[in-house]
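Asker: Residue-level listing of the chains:
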Amino acid sequence: DVKVTQSSRYLVKRTGEKVFLECVQDMDHENMFWYRQDPGLGLRLIYFSYDVKMKEKGDIPEGYSVSREKKERFSLILESASTNQTSMYLCASSPGTSGYNEQFFGPGTRLTVL
Amino acid sequence: GIQVEQSPPDLILQEGANSTLRCNFSDSVNNLQWFHQNPWGQLINLFYIPSGTKQNGRLSATTVATERYSLLYISSSQTTDSGVYFCAVNNNAGNMLTFGGGTRLMVKP
Chain A
1 DVKVTQSSRY LVKRTGEKVF LECVQDMDHE NMFWYRQDPG LGLRLIYFSY
51 DVKMKEKGDI PEGYSVSREK KERFSLILES ASTNQTSMYL CASSPGTSGY
101 NEQFFGPGTR LTVL
Chain B
1 GIQVEQSPPD LILQEGANST LRCNFSDSVN NLQWFHQNPW GQLINLFYIP
51 SGTKQNGRLS ATTVATERYS LLYISSSQTT DSGVYFCAVN NNAGNMLTFG
101 GGTRLMVKP
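If you're matching them up, the sequences are chains A and B in order. Here the working numbering is used: the first residue of the first sequence is 1, the next is one more, and so on. Here the working numbering is used: the first residue of the second sequence is 1, the next is one more, and so on.
In isolation and in its complexed conformation, chain A is listed as follows (with noise of 0.2 Å):
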C-alpha cells in the first residue's frame, strides 16, 4: 500500500515564525503535492513537484515556498507564518507514470497560527 505521511498532525505557531512542514511518501512516485483546505474555499494547490529539485507553483503560492532535495521528501516551508495561514495542509503523491497518475494523500497537518 502507498503510504504518504506526514511530520505532525497537530502544529501551534507563532506569527512571524519560519514553520517547516514535512512529507514523505514510501512509493518512489515522481510527483509530490502540497494542498490547503479551507471552510468554504476546499482544497487548492499551493506547490507541486514532478523531479527532485524541482518545482512549479500552484494556485496559491504566495508566502510558501517548497524544497525537494530527495525524491521521497517535499517540504512545505512558510517564512514568516501569518494568522492567515492557519489551516489544514495536505500533502500527495502521484507516480507520474504516463496514463496513469492516481493521488495519495497524507493525515494532513492542522496548523494554527497565533
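The set of hints was computed from the structure by calculation and includes no laboratory data. Check the hints yourself; a few may be wrong.
[Claimed, not checked] Calculated Cβ distances over 10 Å to all of chain B for the following chain A residues:
id, residue
1, Lys-3
2, Ser-7
3, Arg-14
4, Lys-18
5, Glu-22
6, Asn-31
7, Leu-45
8, Ile-60
9, Lys-71
10, Ser-94
11, Asn-101
12, Glu-102
13, Gln-103
14, Arg-110
[Said to hold, decoys possible] FRET-style restraints, in silico, Cβ to Cβ:
id, chain 1, residue 1, chain 2, residue 2, range
15, B, Asn-92, A, Glu-62, 41 to 51 Å
16, B, Gly-57, A, Pro-107, 16 to 26 Å
17, A, Pro-39, B, Ile-12, 41 to 51 Å
18, B, Ile-2, A, Glu-62, 34 to 44 Å
19, A, Val-12, B, Ile-2, 33 to 43 Å
All of these numbers come straight from a predicted model, not from anything done at the bench. Each residue gets a CB set at the ideal place from its N, CA and C atoms; glycine is no exception.
Guided by the hints, dock chain B onto chain A, whose structure is given.
Answerer: Structure of chain B alone, referenced to chain A:
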C-alpha cells in the same frame, strides 16, 4: 481552468438507505478520483475512474467521460459512511487535481 461541481452539497440518510452522489466537470479529463474525508481530515481513496464503472463492496462508481459526469453509489449505508465525499479531476500534464466542493453525508442510526 476546469470547473467541478458536486451535488447535492448535503445529504442526510437513515442507516440502510441507498444514495447517489453526482460530479459534473466542464472539460475532458485524464483522471477522476473519488475520496472520502474522514472526521480526522484524511482523504481516503475510493475510486480512480477516468471512465467506465468500478465496484468495491457497497460502493460503486461510474464515469461517463463523453458527457462529463461521474456518479458515486452508496448502498446499504452505514454510520461509518458519514463524512465528506470529494470528486477531483485533472486534465493537464502536470497531474494537478481540481476538487469539487464536496458532498457532506450524514448517516443516522
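Asker: Next, verify each hint and record whether it holds.
Answerer: We went through each hint and held it up to the structure:
The claim that Lys-3(A) is not at the interface with chain B holds, since no C-beta of that chain comes within 10 Å of its own (minimum 12 Å). Residue-level check passed: Ser-7(A) sits 15 Å from the nearest beta carbon of chain B, beyond 10 Å. Once the 10 Å rule is applied to beta carbons, Arg-14(A) is consistent with being away from chain B; the minimum gap is 23 Å. Distance to chain B confirms Lys-18(A) as a non-interface residue, since its nearest Cβ pair spans about 24 Å, more than 10 Å.
Against chain B, the non-interface label of Glu-22(A) holds: every CB pair exceeds 10 Å, the least being about 17 Å. Not every C-beta of chain B lies more than 10 Å from that of Asn-31(A), the closest at about 5 Å, which undercuts listing it as non-interface. Chain B draws Leu-45(A) into its interface by the beta-carbon criterion, the shortest separation being 5 Å against a cut-off of 10 Å. Consistency note on Ile-60(A): stated as away from chain B, and its beta-carbon is indeed over 10 Å from all of that chain's, at 12 Å minimum.
Every CB of chain B lies more than 10 Å from the CB of Lys-71(A), the least distance being 16 Å, so the non-interface label holds. For Ser-94(A), the condition that its CB be more than 10 Å from all CB atoms of chain B is violated, with the nearest at approximately 6 Å. With a least CB separation of 4 Å from chain B, Asn-101(A) falls inside the 10 Å interface cut-off, contrary to its annotation. Residue-level check failed: Glu-102(A) sits 4 Å from the nearest beta carbon of chain B, not beyond 10 Å.
A cut-off of 10 Å between C-beta atoms contradicts the statement that Gln-103(A) is not in contact with chain B; the least separation is 6 Å. Non-interface call for Arg-110(A) relative to chain B: violated, since the shortest CB-CB distance, roughly 7 Å, does not exceed 10 Å. Here the CB-CB span from Asn-92(B) to Glu-62(A) is close to 21 Å, at odds with the stated 41 to 51 Å. Judged by the Cβ atoms, the range 16 to 26 Å given for Gly-57(B) and Pro-107(A) holds: they are separated by roughly 23 Å.
Checked against the given bound of 41 to 51 Å, the beta carbons of Pro-39(A) and Ile-12(B), roughly 19 Å apart, lie outside it. For Ile-2(B) and Glu-62(A), the Cβ-Cβ distance of about 22 Å falls outside the hinted range of 34 to 44 Å, so the restraint is violated. The hinted range of 33 to 43 Å is satisfied by Val-12(A) and Ile-2(B), whose Cβ atoms lie roughly 36 Å apart.
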